[in-house]
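In order, the protein sequence lines correspond to chains D and H.
Note that this note's numbering has the first sequence beginning at 1, numbered continuously upward.
Note that this note's numbering has the second sequence beginning at 1, numbered continuously upward.
Quick caveat, the hints were computed from the structure, so don't treat them as lab data.
Small disclaimer: the values here were computed from a predicted structure and weren't measured.
Fair warning: there could be bad hints in the mix.
Claimed, not checked - Quick list of simulated restraints, FRET-style, between CB atoms:
(1) D:Leu510 to H:Phe9: 28 to 34 angstroms
(2) H:Pro102 to D:Ala23: 43 to 49 angstroms
(3) H:Lys63 to D:Ile157: 44 to 50 angstroms
(4) H:Val20 to D:Pro399: 40 to 46 angstroms
Glycine included, each C-beta is placed from N, C-alpha and C at the ideal position.
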Amino acid sequence: MSEQTALRTRLSLMCGEDVTVVAPSHDDEILLIVPRDRLLSTLTALRQEFASVFVDLFGLDLRPQRGIFQLHLISALDAERVWLHCVIELDDQTANFPGLSDLLPATGWYERVVWEELGIGPHYHPLLRPLRLSPDWPESVYPAQEGFLWRARVPAIEPRFFALEAAPSGVVDYPLGPVRSGIVESGHYTLRTVGEELVDILVQPFYKHRGIEQRAEEVPIEQVPLLAERISGTSAFAHSLAFCQACERLAGIEIPVRARFLRILFAELERLYNHLGYHADLCQATGLSVAQAQFDIWKERVLRLNAHISGHRYLFGVNIPGGLSRDLSTDGQKAIRELVSSLRREMAGLGRQVLASPSHRDRLEHTGVLAPEQAQEYCAVGPVGRASGRDRDLRRDHPYAAYAEMDMEIPVRQEGDALARARICLDEIEQALYLIEQTLAQLRAGAIATPLPPLPCGESSLGWAESARGECLHWILVGEHGRLQRYRVRAASFANWQAFSLAIPGHNILTDFPVIEQSFGLSFAGANG
Amino acid sequence: MREEKTNMFFWVRKGLRTGVLTTRYPGRYELMPPDFRGRPVIDPDHCLAAQGCTACIDVCLPKALHVDQVGNERNKMNSLDERLTLDLGRCIMCGLCINACPADALYMTQEYELAVTYREALQVVASFTKDTDSPTTMGERGERHESAC
Numbered sequence: 001m002s003e004q005t006a007l008r009t010r011l012s013l014m015c016g017e018d019v020t021v022v023a024p025s026h027d028d029e030i031l032l033i034v035p036r037d038r039l040l041s042t043l044t045a046l047r048q049e050f051a052s053v054f055v056d057l058f059g060l061d062l063r064p065q066r067g068i069f070q071l072h073l074i075s076a077l078d079a080e081r082v083w084l085h086c087v088i089e090l091d092d093q094t095a096n097f098p099g100l101s102d103l104l105p106a107t108g109w110y111e112r113v114v115w116e117e118l119g120i121g122p123h124y125h126p127l128l129r130p131l132r133l134s135p136d137w138p139e140s141v142y143p144a145q146e147g148f149l150w151r152a153r154v155p156a157i158e159p160r161f162f163a164l165e166a167a168p169s170g171v172v173d174y175p176l177g178p179v180r181s182g183i184v185e186s187g188h189y190t191l192r193t194v195g196e197e198l199v200d201i202l203v204q205p206f207y208k209h210r211g212i213e214q215r216a217e218e219v220p221i222e223q224v225p226l227l228a229e230r231i232s233g234t235s236a237f238a239h240s241l242a243f244c245q246a247c248e249r250l251a252g253i254e255i256p257v258r259a260r261f262l263r264i265l266f267a268e269l270e271r272l273y274n275h276l277g278y279h280a281d282l283c284q285a286t287g288l289s290v291a292q293a294q295f296d297i298w299k300e301r302v303l304r305l306n307a308h309i310s311g312h313r314y315l316f317g318v319n320i321p322g323g324l325s326r327d328l329s330t331d332g333q334k335a336i337r338e339l340v341s342s343l344r345r346e347m348a349g350l351g352r353q354v355l356a357s358p359s360h361r362d363r364l365e366h367t368g369v370l371a372p373e374q375a376q377e378y379c380a381v382g383p384v385g386r387a388s389g390r391d392r393d394l395r396r397d398h399p400y401a402a403y404a405e406m407d408m409e410i411p412v413r414q415e416g417d418a419l420a421r422a423r424i425c426l427d428e429i430e431q432a433l434y435l436i437e438q439t440l441a442q443l444r445a446g447a448i449a450t451p452l453p454p455l456p457c458g459e460s461s462l463g464w465a466e467s468a469r470g471e472c473l474h475w476i477l478v479g480e481h482g483r484l485q486r487y488r489v490r491a492a493s494f495a496n497w498q499a500f501s502l503a504i505p506g507h508n509i510l511t512d513f514p515v516i517e518q519s520f521g522l523s524f525a526g527a528n529g
Numbered sequence: 001m002r003e004e005k006t007n008m009f010f011w012v013r014k015g016l017r018t019g020v021l022t023t024r025y026p027g028r029y030e031l032m033p034p035d036f037r038g039r040p041v042i043d044p045d046h047c048l049a050a051q052g053c054t055a056c057i058d059v060c061l062p063k064a065l066h067v068d069q070v071g072n073e074r075n076k077m078n079s080l081d082e083r084l085t086l087d088l089g090r091c092i093m094c095g096l097c098i099n100a101c102p103a104d105a106l107y108m109t110q111e112y113e114l115a116v117t118y119r120e121a122l123q124v125v126a127s128f129t130k131d132t133d134s135p136t137t138m139g140e141r142g143e144r145h146e147s148a149c
């Protein structure tokens, strides 16, 4: 605990008198109340002196209770395993804040979301337009303001589409999507080419904004895990885990030991089928059909195992606040052991052979490079970040469930190309198998859930999990009548889509596009929320 | 550093050795595992909706379950029947209703073939006539089953 006190003292000294450093109720989170004018200098100090990593920026409307808006900026101090939670209070009259995107480009999209949801804007932003709301959404309707009802019929206005400026002669723009061949989510790309070379891209990933945060604020808290799972179906377990952990942290309860280990098991099974599917998609992009089928076969086997042990191929309905909704039978354990040992035997050869196939490897090497500096500026997370030098993984840096007791390696590479991302995912498959084996070895009999006491109104909490695509953060503020007043979700893909367009220019040709897209392996649904 | 290169024949052999794993579905029905969450079914013999129970309705997030009352023309006293409707078009197969039911009147099957030809056929209705002892369930093909009493 004295480390915490020392950290808080250093923070106070560094940020100055105006910034209040609050002793937290959890020793893994420090609250800083920052006046609006000190936001830029505080963020600079945190990054330079403490090596803090930006994670999330969002706003909330507290005008009914306190006549203010609140801006929340969350950063991670990985070495100290602490979250830094900056709260900036803005009164109704001067409802704007200093622009952060010059200092940190990663904040660009977050500021636009705050603006379109709440109506409070940054002083400066290079491109302040709506981000997730549809082009026909009326300008003065703000979904995160109090009084907005998710069910309300919002009148459509004349749509305002954004397009690149007209291509000069010699430049061709290829539109791709949102309707495309294959089983893919809706998203639109405009690929700008000069001859064969890809010079620019405009990504429109926000066709699927469902307002899940606002929906979750209308339902009883016990039903929110159902919504959390459906933010991005392939990260269902990770998102519901982050939400349930936020509730458990707020209630101050420890879930049973068996549940902590089982959560790792399910989380790693989710990572496993995602990464196997990732490689199947990558092999499809390069036309290595037999390898694609091999990965698809293994992914299907994992999905069937999921159905066997949880009743759902995508592990829906497993997490509940307080633990798990169902136990793992000895039958289930046996099935997992069998799959893990046969997959391990297979992966030893399969991964090596795939990367040694020239027709596949040549298309991955030096393609779609996201340089380490760019990944840093845009705070890329997950395998994409780790392939570009970002040595961060929530399972090691802010351990949850029983990860602190696990032996694991976090693979990191510096090249930032598609080959590096593919290698990271192969290594993570191996680590996932290892984690599952460790979990099964350490699993003991016991309860799988603790009852959750009613959550106190007016209190808030952070929850997090490392999904297959990276760091997911959930923040809850409990309201009245057993419902949430505010639910904030930052999915991993939201962070990474910002960085995606940086990997396009620079020695990539048009036919590299499917490879770059699949090598990022991002989810549209997760980013949309 | 000389890197290993995979010969194309490796993949040909691999494919041939793996063989065909595609299943015969839909020619041969594929059974899901015992805990698989498929179509929920109402057992009208046990349901307490007629006594005012709304346990399943209260936990249903997509509002797939609801109770209403309909006139029963067969009944001499012209009273109203309680009718519990499960709309399979709204159901997300989460299973919370099964857990919430105090009377074991809801159970989950592993059935996943739910396609029908018109929207109304997705509504599964269980009627409870107050004055007779034979609750009935209207299945999705419009047939009426009388349960043995």
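How the hints compare with the structure:
1. D:Leu510 to H:Phe9: 28 to 34 angstroms: holds, 31 angstroms
2. H:Pro102 to D:Ala23: 43 to 49 angstroms: holds, 46 angstroms
3. H:Lys63 to D:Ile157: 44 to 50 angstroms: Taking Cβ atoms as reference, Lys63 (chain H) and Ile157 (chain D) lie about 30 angstroms apart, which means the hint is violated.
4. H:Val20 to D:Pro399: 40 to 46 angstroms: Since Val20 (chain H) and Pro399 (chain D) have Cβ atoms about 44 angstroms apart, the given range 40 to 46 angstroms holds.
Checked against the numbered hints above, the structure violates only hint 3.
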